[in-house]
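Chain by chain, the residues:
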Amino acid sequence: MKEKKNPLSFQLDVSDFLPANKEEKESLVIMRESVSFWRDGLRRFEKNKIAMTSFIIIILVFIFAFVMPQFYPYSYEQQIRGSENLAPMAYSEPELALKAAGEKVFPHILGTDSLGRDTMIRLMMGSRISLLVGLVASILVLLIGSIYGTVAGYFGGKVDLFMMRIVDIIYTVPDILIIILLMVTLKYPLKDLAETVPAFSWINVIGVGLICIFIVFSLLYWVGMARIVRSQVLTLKEQEYVTAARALGAGSGRIIRKHLLTNSMGTLIVTTTLQIPSAIFTESFLSFIGIGVAAPMPSLGSMASTAIDGIYSYPYRLLAPALMISLIILSFNLLGDGLRDAFDPKLKN
Amino acid sequence: MVRYIAKRVLLSVFTLWLVATITFALMFMVPGGPFLAEKTPSAATLEALNQKYGLDQPKIVQYRNYMVKFIQGDMGVSLKQRGRTVSQIISTGFKVSAKIGGLSILIAVLIGVPLGCIAALNRGKWLDNVIIVVATCGIAVPSFVVATILMIIFSVKLGILPTYGLTSWQHYLMPVAALAFYPTAYISRLMRSSMLEVLGQDYMRTARAKGLSQFWMLFKHALRNAILPVVTYLGPLIAYTLTGSFVVEKIFTIPGLGNAFISSILNRDYTMIMGTTIFLAALIILMNLVVDVAYKIIDPRIKLK
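Going line by line, the protein sequences match chains X and Y. Here my numbering is used: position 133 in the first sequence is 647, and no number is missing along the way. Here my numbering is used: position 119 in the second sequence is 228, and no number is missing along the way.
Hints in this document: simulated from the structure, not taken from any laboratory. Be aware that a few hints might be false.
Stated by the list, open to error - Calculated pairs, DSS-like style, for lysine-lysine (alpha carbon to alpha carbon, straight line, at most 25 Å):
| # | chain 1 | residue 1 | chain 2 | residue 2 |
| --- | --- | --- | --- | --- |
| 1 | Y | Lys204 | Y | Lys234 |
| 2 | Y | Lys319 | Y | Lys329 |
| 3 | Y | Lys178 | Y | Lys161 |
| 4 | Y | Lys189 | Y | Lys178 |
| 5 | X | Lys563 | X | Lys672 |
| 6 | Y | Lys405 | Y | Lys116 |
| 7 | X | Lys701 | Y | Lys189 |
| 8 | X | Lys705 | Y | Lys168 |
| 9 | Y | Lys234 | X | Lys561 |
| 10 | Y | Lys234 | X | Lys563 |
| 11 | Y | Lys189 | Y | Lys161 |
| 12 | Y | Lys168 | Y | Lys178 |
| 13 | X | Lys772 | X | Lys751 |
| 14 | X | Lys672 | Y | Lys208 |
| 15 | Y | Lys204 | Y | Lys189 |
| 16 | X | Lys701 | Y | Lys168 |
| 17 | Y | Lys405 | Y | Lys329 |
Isolated chain X, as found in the complex (with noise of 0.2 Å):
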């Protein structure tokens, strides 16, 4: 078998190709893990102090509107007969009683209203919508927007010149006008649904006012999101990997989902974030007009458009909403900030 090679000849080396021996493969082994996108941003998330002292506080804050409610002893819309306008860790004449006749009175830490209702639990209800709004809407948002920009920006040519035309007129609309107009004229349908169709029963449950917000946030505030999206679909729809995915016969439903979608889901998270405190800045506006959230429910801005009525007396009342509103939205914005700089360094004008 084994004959001179002949040095002219090409003819392959079989030697050549035989499989690799262990030592051969682990010097091709890349050294050190390679980072995901994920990993990558988290690292640089967790370095980023701010963002995560903004965090924290966000998720203490959630824990004071969604957990300490259900250990305290008080209920938001509970009126405490003869304990009313009490100062911050006052106790009334009957509550003194009951303390002198050796049973446990819980204190008011914040204080009474004047209907004799406790601020502290009020507070915490109130942080709960204000939470519950920015984070339903903007998830609303995200889906409408994401949903709407992919397919505009995926199908374009005359699919997307028209989808973006609506866009374009939707956002010139001044939504804050529309946004007051729908909030008092939406209320009575839903209403009528809720008490008419027992199917639409579950609207009364999580309050008109809500439902309403939900629903006029969705109807407005998608066309920026809708817009980013888009733009970050046409630019990736022409990547070599989707002309790869394409080749290889993937669908468009398949296109989108695995390679559009994922690859502009860190935009996606920061717009997200950042549409959070716009959201609770709006719900709270509503609220402090007097269009919000139904009474009983308090809702942080209701709670500061009462407290005015009373500011001589009581300036302290005003002061817990307040600082609440400003300390939810103040994290939020310190947050997208941080996960805009950890995950999409792009989108930073």
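Based on these hints, arrange chain Y on the given structure of chain X.
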């Protein structure tokens, strides 16, 4: 340029018509009417009133009548404030709102831009840090919080500023400050980041290399380029000022346009709802248009589409 403006104007007119139509449709979804408020009038009176203001006709006829009259420049009479036309109420309210809103926008720009520049020029020093912290907190505070805290300090505790009305210059201080707070913070953040970007550009180094003085370098090269994002922000700022004016006018009981808008909705004053909504929408749309066109004139790098 002309084509671009024409296209934008056309789109604006369409948006305005859309807003008017939506408002008209929404208005009648609310049960109750303008004449039902305090004491319910008899059926005959109600019918007579409805007939007088044309509210008995089918909605589509009412819509057509309103639109035809509106194009002729007649916004009708208020259904609630007897004897006053909608345009009278709007013009008196707007004079008040425009003063407060205009002042606050002016102050926001006059304070925000220098603050941002100072922060950028002192990057990393304590002055920069102070401005950043204040501005970051500033954009997290809703205008009603600012307004009420100002009120607690200056009216309740110190008792030096009046809490309601608008008769002397002292009355303007708190509403204008409350409205200007957020935009001032926002503009200084915007100005700082764009100034930092401009300061890092090559043409700044060139300017320094050719021996331009610090003053001319900043004014001729840096400021002119860095102020562009602030110009773009003016459009949203006008819309924000409007939103803020609803709150501030409520807190300080100022008889402005924001108050008129909210109360017209709560009173079902149909002609007033239409009038104020169209007026405010037109104002915002027009201002956005002006800002967009101005932006393209200021920055020759941007091509008109």
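Hint-by-hint comparison with the structure:
1. Lys204(Y) - Lys234(Y): Cα-Cα ~43 Å, so violated.
2. Lys319(Y) - Lys329(Y): holds, 14 Å
3. Lys178(Y) - Lys161(Y): With Cα atoms ~16 Å apart, Lys178(Y) and Lys161(Y) stay inside 25 Å; holds.
4. Lys189(Y) - Lys178(Y): holds, 19 Å
5. Lys563(X) - Lys672(X): violated, 47 Å
6. Lys405(Y) - Lys116(Y): Satisfied, since the Cα-Cα distance of roughly 15 Å is no more than 25 Å.
7. Lys701(X) - Lys189(Y): The hint holds at about 23 Å.
8. Lys705(X) - Lys168(Y): With Cα atoms ~23 Å apart, Lys705(X) and Lys168(Y) stay inside 25 Å; holds.
9. Lys234(Y) - Lys561(X): Holds, because 22 Å separates the two Cα atoms, which is no more than 25 Å.
10. Lys234(Y) - Lys563(X): Within the cut-off at roughly 19 Å; holds.
11. Lys189(Y) - Lys161(Y): holds, 14 Å
12. Lys168(Y) - Lys178(Y): Holds: Lys168(Y) and Lys178(Y) sit about 15 Å apart, inside 25 Å.
13. Lys772(X) - Lys751(X): holds, 12 Å
14. Lys672(X) - Lys208(Y): violated, 45 Å
15. Lys204(Y) - Lys189(Y): Holds. Lys204(Y) to Lys189(Y) sits at ~21 Å (cutoff 25 Å).
16. Lys701(X) - Lys168(Y): It holds: about 21 Å lies between the C-alpha atoms, which stays within 25 Å.
17. Lys405(Y) - Lys329(Y): holds, 19 Å
Consistency note: the structure conflicts with the earlier hints numbered 1, 5, 14.
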